[in-house]
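Fit chain B to the supplied structure of chain A, relying on the hints for placement.
Going line by line, the protein sequences match chains A and B.
Quick note: the first sequence uses full-length UniProt numbering, first residue 1, plus one each step.
Quick note: the second sequence uses full-length UniProt numbering, first residue 1, plus one each step.
There's no promise every hint is true.
Claimed, not checked - Calculated pairs, BS3-like style, for lysine-lysine (alpha carbon to alpha carbon, straight line, at most 30 Å):
{"id": "1", "chain 1": "B", "residue 1": "Lys117", "chain 2": "B", "residue 2": "Lys4"}
{"id": "2", "chain 1": "B", "residue 1": "Lys95", "chain 2": "A", "residue 2": "Lys83"}
{"id": "3", "chain 1": "B", "residue 1": "Lys83", "chain 2": "A", "residue 2": "Lys77"}
{"id": "4", "chain 1": "B", "residue 1": "Lys92", "chain 2": "A", "residue 2": "Lys96"}
{"id": "5", "chain 1": "B", "residue 1": "Lys92", "chain 2": "A", "residue 2": "Lys95"}
{"id": "6", "chain 1": "B", "residue 1": "Lys96", "chain 2": "A", "residue 2": "Lys96"}
{"id": "7", "chain 1": "B", "residue 1": "Lys95", "chain 2": "A", "residue 2": "Lys92"}
{"id": "8", "chain 1": "B", "residue 1": "Lys83", "chain 2": "B", "residue 2": "Lys95"}
{"id": "9", "chain 1": "B", "residue 1": "Lys32", "chain 2": "B", "residue 2": "Lys4"}
{"id": "10", "chain 1": "B", "residue 1": "Lys77", "chain 2": "A", "residue 2": "Lys77"}
{"id": "11", "chain 1": "B", "residue 1": "Lys4", "chain 2": "A", "residue 2": "Lys96"}
{"id": "12", "chain 1": "B", "residue 1": "Lys92", "chain 2": "A", "residue 2": "Lys77"}
{"id": "13", "chain 1": "A", "residue 1": "Lys77", "chain 2": "B", "residue 2": "Lys32"}
{"id": "14", "chain 1": "A", "residue 1": "Lys95", "chain 2": "A", "residue 2": "Lys77"}
{"id": "15", "chain 1": "A", "residue 1": "Lys83", "chain 2": "B", "residue 2": "Lys32"}
{"id": "16", "chain 1": "B", "residue 1": "Lys95", "chain 2": "A", "residue 2": "Lys95"}
{"id": "17", "chain 1": "B", "residue 1": "Lys77", "chain 2": "B", "residue 2": "Lys4"}
{"id": "18", "chain 1": "B", "residue 1": "Lys117", "chain 2": "A", "residue 2": "Lys83"}
{"id": "19", "chain 1": "B", "residue 1": "Lys77", "chain 2": "B", "residue 2": "Lys32"}
{"id": "20", "chain 1": "B", "residue 1": "Lys77", "chain 2": "A", "residue 2": "Lys96"}
{"id": "21", "chain 1": "B", "residue 1": "Lys96", "chain 2": "A", "residue 2": "Lys92"}
{"id": "22", "chain 1": "B", "residue 1": "Lys95", "chain 2": "A", "residue 2": "Lys4"}
{"id": "23", "chain 1": "B", "residue 1": "Lys96", "chain 2": "A", "residue 2": "Lys95"}
{"id": "24", "chain 1": "B", "residue 1": "Lys77", "chain 2": "B", "residue 2": "Lys96"}
{"id": "25", "chain 1": "B", "residue 1": "Lys96", "chain 2": "B", "residue 2": "Lys83"}
{"id": "26", "chain 1": "B", "residue 1": "Lys4", "chain 2": "A", "residue 2": "Lys83"}
{"id": "27", "chain 1": "A", "residue 1": "Lys95", "chain 2": "B", "residue 2": "Lys77"}
{"id": "28", "chain 1": "B", "residue 1": "Lys4", "chain 2": "A", "residue 2": "Lys92"}
{"id": "29", "chain 1": "B", "residue 1": "Lys77", "chain 2": "B", "residue 2": "Lys92"}
{"id": "30", "chain 1": "B", "residue 1": "Lys92", "chain 2": "A", "residue 2": "Lys92"}
Since the hints were made in silico from the structure, they are not lab data.
Note that this is a predicted model, so its numbers are computed, not measured.
Protein chains: 2
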Amino acid sequence: MVVKLFGASFSGHTLRVAMVMQEYNVPFELIKVDMVQGEHQSDAYLNNHPFGQVPYIDDDGFILYESRAISWYIATKYRDNIKAPLLPDMYKDTKKYAIFEQAASVNECHWERYTTKMVRQLLIEPMFDNEPDERVVEESLQCLNNTFDVYDRILSRQKYLAGDVSTIKVGAEIDSVANGAFQDFTLVDIFHLHTFHVFSSKALISTEGRPNVERYDFSSA
Amino acid sequence: MVVKLFGASFSGHTLRVAMVMQEYNVPFELIKVDMVQGEHQSDAYLNNHPFGQVPYIDDDGFILYESRAISWYIATKYRDNIKAPLLPDMYKDTKKYAIFEQAASVNECHWERYTTKMVRQLLIEPMFDNEPDERVVEESLQCLNNTFDVYDRILSRQKYLAGDVSTIKVGAEIDSVANGAFQDFTLVDIFHLHTFHVFSSKALISTEGRPNVERYDFSSA
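Bound conformation, chain A alone:
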């Protein structure tokens, strides 16, 4: 039975889970939730996702929401499907796992917190015929620019956001992480992909003057 992914094609969090399942070669079926019609606020939906958001998964009866938790679950359950694990082993390499959790927390608190707001204003509100709140967009952009400055500092010392300095692999080709070329590439890097591209392609955030983020931005690889 394939994993059922309840989500929306415009949702970065749905895309995040889809990307992780693709990396781990997990067959899944996308079941679209009609958010414009308010399906995510129905009692039936709230019974599976009490916050009324997307996505959630149904893995043979096991219901799970929150895109990062789903990614952990896929990376743990299907860890043998992939050559280079995207999640360090918590017990065998406690420090490496701690660094990974540090980067995951940074992703959530210094990146997603603001991109979520921007996506809401620039994408979701217009779907409901509402005007974007320019103040929120402006404040979020400022925070994201601050984060980019710190990312540039972090990436000046290591190749990936949760990467270990001592195992830098310069010049590796971007193709798929599953082939094992990226020893320090983790779920955290995947967590950034769907929004890095959107914001840089729309020129909302510039990598100019941030050479290490520019290198990290896979569109230039």
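Chain B only, in chain A's frame:
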């Protein structure tokens, strides 16, 4: 060598780490960071915590920031110090760990995201002689009230936020989680403690009409 905890006594995130270390019987030394004097923005500090926040730890030369990542690290490294682990085993019980990660993500996205803003406005800004932004306080309160409604629904089905329905232990005394009485009590529950108390004691958020959150609020236990 005891773990050095660089933080501030008014910081909930510092308190969170201190509580986890106490639960795991890990000796630590609190080294106060003088944030009013801007110590957290000095080059020396940013070298250890690039975002210029508190807390971070120095465990015999291993530097780690982000309070949740530090909690993971303590719970993993010192897992034998405690009878009832606060972190489920990722590989032995993949689904339980996934539920834990789900609750940790909810804590970050639906709770901390707003409490952090309120603490900033009500506690930090006045330290720098700035007026709190009432609009931010009001918006955050509204979001926290929504979260409380969902928490009440979640807690109507299970005892703790990452708890398993099938192992509910009703009427257990709150004393210390380390004694093993709380099989479903996890780091996620500790993550809420420092702010649940602050906000309910200041009557900023009411548990009225939310009987399951009321039960969860340890001050009434």
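Hints and how they fare:
1. B:Lys117 - B:Lys4: 27 Å, holds
2. B:Lys95 - A:Lys83: At roughly 23 Å apart (the allowed maximum being 30 Å), A:Lys83 and B:Lys95 satisfy the hint.
3. B:Lys83 - A:Lys77: The given pair, whose Cα atoms are some 26 Å apart, holds under the 30 Å limit.
4. B:Lys92 - A:Lys96: Measuring from Cα to Cα gives roughly 20 Å; hence the hint holds.
5. B:Lys92 - A:Lys95: Within the cut-off at roughly 20 Å; holds.
6. B:Lys96 - A:Lys96: 22 Å, holds
7. B:Lys95 - A:Lys92: 20 Å, holds
8. B:Lys83 - B:Lys95: 21 Å, holds
9. B:Lys32 - B:Lys4: 10 Å, holds
10. B:Lys77 - A:Lys77: 23 Å, holds
11. B:Lys4 - A:Lys96: The given pair, whose Cα atoms are some 19 Å apart, holds under the 30 Å limit.
12. B:Lys92 - A:Lys77: Roughly 10 Å separates the two Cα atoms, so the pair holds.
13. A:Lys77 - B:Lys32: 42 Å, violated
14. A:Lys95 - A:Lys77: OK: A:Lys95 and A:Lys77 at ~22 Å, within 30 Å.
15. A:Lys83 - B:Lys32: The hint is violated at about 44 Å.
16. B:Lys95 - A:Lys95: Holds. B:Lys95 to A:Lys95 sits at ~24 Å (cutoff 30 Å).
17. B:Lys77 - B:Lys4: 16 Å, holds
18. B:Lys117 - A:Lys83: 41 Å, violated
19. B:Lys77 - B:Lys32: 24 Å, holds
20. B:Lys77 - A:Lys96: Roughly 12 Å between the alpha carbons, so the hint for B:Lys77 and A:Lys96 holds.
21. B:Lys96 - A:Lys92: 20 Å, holds
22. B:Lys95 - A:Lys4: 16 Å, holds
23. B:Lys96 - A:Lys95: 23 Å, holds
24. B:Lys77 - B:Lys96: Satisfied, since the Cα-Cα distance of roughly 20 Å is no more than 30 Å.
25. B:Lys96 - B:Lys83: 18 Å, holds
26. B:Lys4 - A:Lys83: Outside the cut-off at roughly 37 Å; violated.
27. A:Lys95 - B:Lys77: Distance of about 9 Å is within 30 Å: holds.
28. B:Lys4 - A:Lys92: 24 Å, holds
29. B:Lys77 - B:Lys92: Holds, at roughly 17 Å.
30. B:Lys92 - A:Lys92: 14 Å, holds
When each numbered hint is compared with the structure, violations occur for hints 13, 15, 18, 26.
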